[in-house]
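**Q** Next come the chains, spelled out residue by residue.
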Amino acid sequence: MTRPVLDVRDLKKIYGQGEATVHALRGVNLTVERGDYVAIMGSSGSGKSTLMNILGALDIPSSGTYLLDGVDVSRLGDRQLALARNRLIGFIFQAFNLIPRTSAVANVELPLAYAGVKPKERRRRAMAALDIVGLAERAKHEPNQLSGGQQQRVAVARALVTEPALLLADEPTGNLDTRSTEDVLNVFDQLSAAGRTIVLITHEPEVGDRAKRLIRLVDGDIVADVRQSPIHRPPVGAFSGGRHAQ
Amino acid sequence: MSFYEVVRFALRGLSANKLRSALTMLGILIGVAAVILLVAVGNGSAKAVSDRIEALGTNTVTVMSTGRGGSSSTALTKDMADALVDPVLAPDVKSVSPVVSSSSTVTYEGTDHDVSSFVGTTPGWFAASNTPVGQGAAFTADDEAQGRRVVVIGQTVAEELFPGVDPIDKQVTVGGALFTVIGVLEEKSSTGFQDANDTAVAPLTAVRQVLTGYGSLNSILVEAKDPDKVDAVQSEVSTILNQKMNVTTGSSTTPYRIQNASQLLETQTETADTFTTLLGAVAAISLLVGGIGITNIMLVTVTERTREIGIRKALGAPRRVILTQFLIEATLLSVIGGALGVAAALIGSNFEIVGVKPVIVPSSVGLALGVSIAIGLFFGGLPASRAARLRPIDALRYE
Ligand SMILES: Nc1ncnc2c1ncn2[C@@H]1O[C@H](COP(=O)(O)OP(=O)(O)OP(=O)(O)O)[C@@H](O)[C@H]1O
Ligand SMILES: [Mg+2]
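Residue numbers (UniProt numbering), protein chains in the order written: chain A, 1 to 246; chain B, 1 to 399.
In short, the hints are calculated from the structure, not lab data.
Nothing here was measured: the structure is a model prediction, and the numbers come from that model.
Misleading hints may appear alongside valid ones.
[Said to hold, decoys possible] Cβ pair distances, simulated, as ranges: (1) B:Ala339 x A:Ala136: 33 to 43 Å; (2) B:Asn296 x A:Pro100: 14 to 24 Å; (3) A:Arg75 x B:Val300: 35 to 45 Å; (4) B:Glu399 x A:Ala136: 32 to 42 Å.
[Claimed, not checked] No farther apart than 16 Å at their CA atoms in a straight line, the calculated lysine to aspartate or glutamate pairs in the EDC-like style are these: (5) B:Lys94 x B:Glu270; (6) B:Lys94 x B:Asp228; (7) B:Lys47 x B:Asp228; (8) A:Lys120 x B:Glu5; (9) A:Lys118 x B:Glu5; (10) B:Lys18 x A:Glu142; (11) B:Lys170 x B:Glu159; (12) B:Lys170 x B:Glu160; (13) B:Lys47 x B:Glu266.
[To be verified] To spell it out: a stretch of chain A is covered by chain B in this simulated footprint if at least three of its residues, at any positions, have a beta carbon under 8 Å from a beta carbon of chain B; those stretches are: (14) 85-94; (15) 177-189.
For glycine and all other residues, C-beta sits at the position ideal for the given N, C-alpha and C.
Only chain A is shown next, with the shape it has when bound in the complex:
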């Protein structure tokens, strides 16, 4: 049996102290197998981003264990964490988090630079990633010259560019219109069909419907975990006629 990509046990996250204590996660148990496509839904403030940040090794839980590819993340040092974030995980932030005053293509190149890819190859792959999200002609623009949706798509391109085995996306379509949403979801379907693992957060039911598995979070607890389609088959949307269909 292959080990799960994500294995979370009794994860708790408590913010603040005393009166201001917030229990953002109250003992979450979750395993995600390789190749799964998971959507997490839940009302605002239910702890989705908190969970996602921990899964992305960007934050640490107050208690509980988190195994990433079978490795306990809390035991990793700075270099190993950096390596995991760079090679294994592609992370899309709810707030984009592009580097200001730096062109879209330079932003997309960044993870490749830290991976030690040569400048020429970097530029080529970054342009290819921008092309996938339909922003090739905006490559030279800086974040403040792009619309919210365009910035979000640059962030998606940046997460895709390293071809990570695990894609974590915090509301990747939150600022997009139906067409752009469709484009981004087609990219995700394609990645999923190629065997990559995807976890995304969304508020939109039609986005959640396309995932293979749907998790509902309420007040820091998982209240529903529904398999919508089998893991080892392409996701429902993959053959629905999008331009990225094989």
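Got chain A sorted already, so can you dock chain B with the ligands onto it with the hints?
**A** Quick look at chain B with the ligands alone, frame taken from chain A:
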């Protein structure tokens, strides 16, 4: 990730924030240039003072009275000056010039000029005090003996009273008496607050008669036959004066003071050193202010940079790479700013500043550069190293 790549990242970081980079460099530039220039001005004025004292000649001693007022027991008299010319008791003395001086108003055809130092002396003074006459001639021993009212004026006086006119043989009024200008002194380099060219020299007899009266002398300038004999002259002079003024041998206090040029040089250098220290303090403050400016700019941008560091860490940058990048940025800023500051100071030192030609002190260059680079590195590196240690999510939330 290669070091070369990190350097490119740092350069991109700097050019992405041009205004901030420029302001930081400007702060360092001003701090460095101010320190170097101010110290150079202090050093330059000290050097000018010592040059001038050396120009006074190193083979003279000056006798001054220590008493105040005209108390007869401490006063220097013409008689004492004459007694110093004694081939037996004082074989090493070449010349003796009694000196009286006062400030006085000189008038020529209705134009007044206040001469700060109107000197009455004997002809030997010109050579002894290293004050050559440029135009015309000095007065003679005969002029002195006869009490002729002739005067040799300094450059400043000549310019003030005789603009575009040849002053020789013109008659000026001093203290109600007419003096004939017979010469103009060569221009002297002057430093500090007193203009060395604002002077006039006339025969001792004439000046005593007209201006100062027959009281005590201000000083006696004694010239040695050889610079090596200055010490001998000094002891000969004190022997004669002790006799003249009835000072018991071995008495610790004397009514007069003998100074030679090297002593003068020493005290003047001390004064100049104080001046340099003062300017250095001012410079240090300006470096501090510059440093605070740098600190401010670096700290103000820390929020933004902390978020940026959070993003970079989330994308897989190890702490070491981030630290290297930010340290290179800070180093480039402070080194370039510092180098520009040194350049500005070098250019500035070619000009006279408040009448002083600055002379760069090499150690001040090192100090200014060192301090500013240290400040730049510290305040550029410290927030970066702190941010690089944060968890990415905390860095991203930083505000
Ligand atoms: N840094 C923090 N300090 C204190 N409380 C926090 C912090 N971050 C999040 N919280 C709290 O934790 C809870 C969960 O927040 P989280 O960001 O995970 O919500 P979310 O499900 O992503 O919501 P949304 O759909 O609005 O993005 C919220 O109540 C929030 O107020
Ligand atoms: Mg959220």
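**Q** Now tell me if each hint is right for this structure.
**A** Status of each hint after checking the structure:
Here the CB-CB span from Ala339 of chain B to Ala136 of chain A is close to 41 Å, well matched to the stated 33 to 43 Å. In this structure the hint that Asn296 of chain B and Pro100 of chain A lie 14 to 24 Å apart at CB holds, the actual value being about 20 Å. In this structure the supplied range 35 to 45 Å holds for Arg75 of chain A paired with Val300 of chain B, their Cβ-Cβ distance being about 38 Å. Judged by the Cβ atoms, the range 32 to 42 Å given for Glu399 of chain B and Ala136 of chain A holds: they are separated by roughly 34 Å.
For the suggested pair Lys94 of chain B and Glu270 of chain B, the alpha carbons sit about 30 Å apart, so the restraint of at most 16 Å is broken. Between Lys94 of chain B and Asp228 of chain B, the direct Cα distance comes to roughly 13 Å. Compliance with the 16 Å bound is thereby established for this hinted pair. Annotation: proposed proximity of Lys47 of chain B to Asp228 of chain B is violated, straight-line Cα distance about 24 Å (limit 16 Å). For the suggested pair Lys120 of chain A and Glu5 of chain B, the alpha carbons sit about 13 Å apart, so the restraint of at most 16 Å is met.
The straight-line distance between the Cα atoms of Lys118 of chain A and Glu5 of chain B is roughly 9 Å, inside the 16 Å bound, and the hint therefore holds. In summary, the hint linking Lys18 of chain B to Glu142 of chain A is supported, as the alpha carbons are separated by about 15 Å, within the 16 Å threshold. The suggested pairing of Lys170 of chain B with Glu159 of chain B holds, with an alpha-carbon distance near 14 Å, which does not exceed 16 Å. At most 16 Å may separate the alpha-carbon atoms for a hinted pair to count; Lys170 of chain B and Glu160 of chain B meet this at roughly 14 Å.
Under the criterion of a C-alpha separation no larger than 16 Å, the hint pairing Lys47 of chain B with Glu266 of chain B is consistent with the structure, at around 12 Å. Beta-carbon proximity to chain B at under 8 Å applies to 5 residues in the segment 85-94 of chain A; the threshold of 3 is reached and the given coverage holds. With a threshold of 8 Å between beta carbons, the proposed coverage of the segment 177-189 of chain A by chain B is violated, since 0 of its residues qualify and at least three are required.
Going through the hint list in order, the structure does not satisfy hints 5, 7 and 15.
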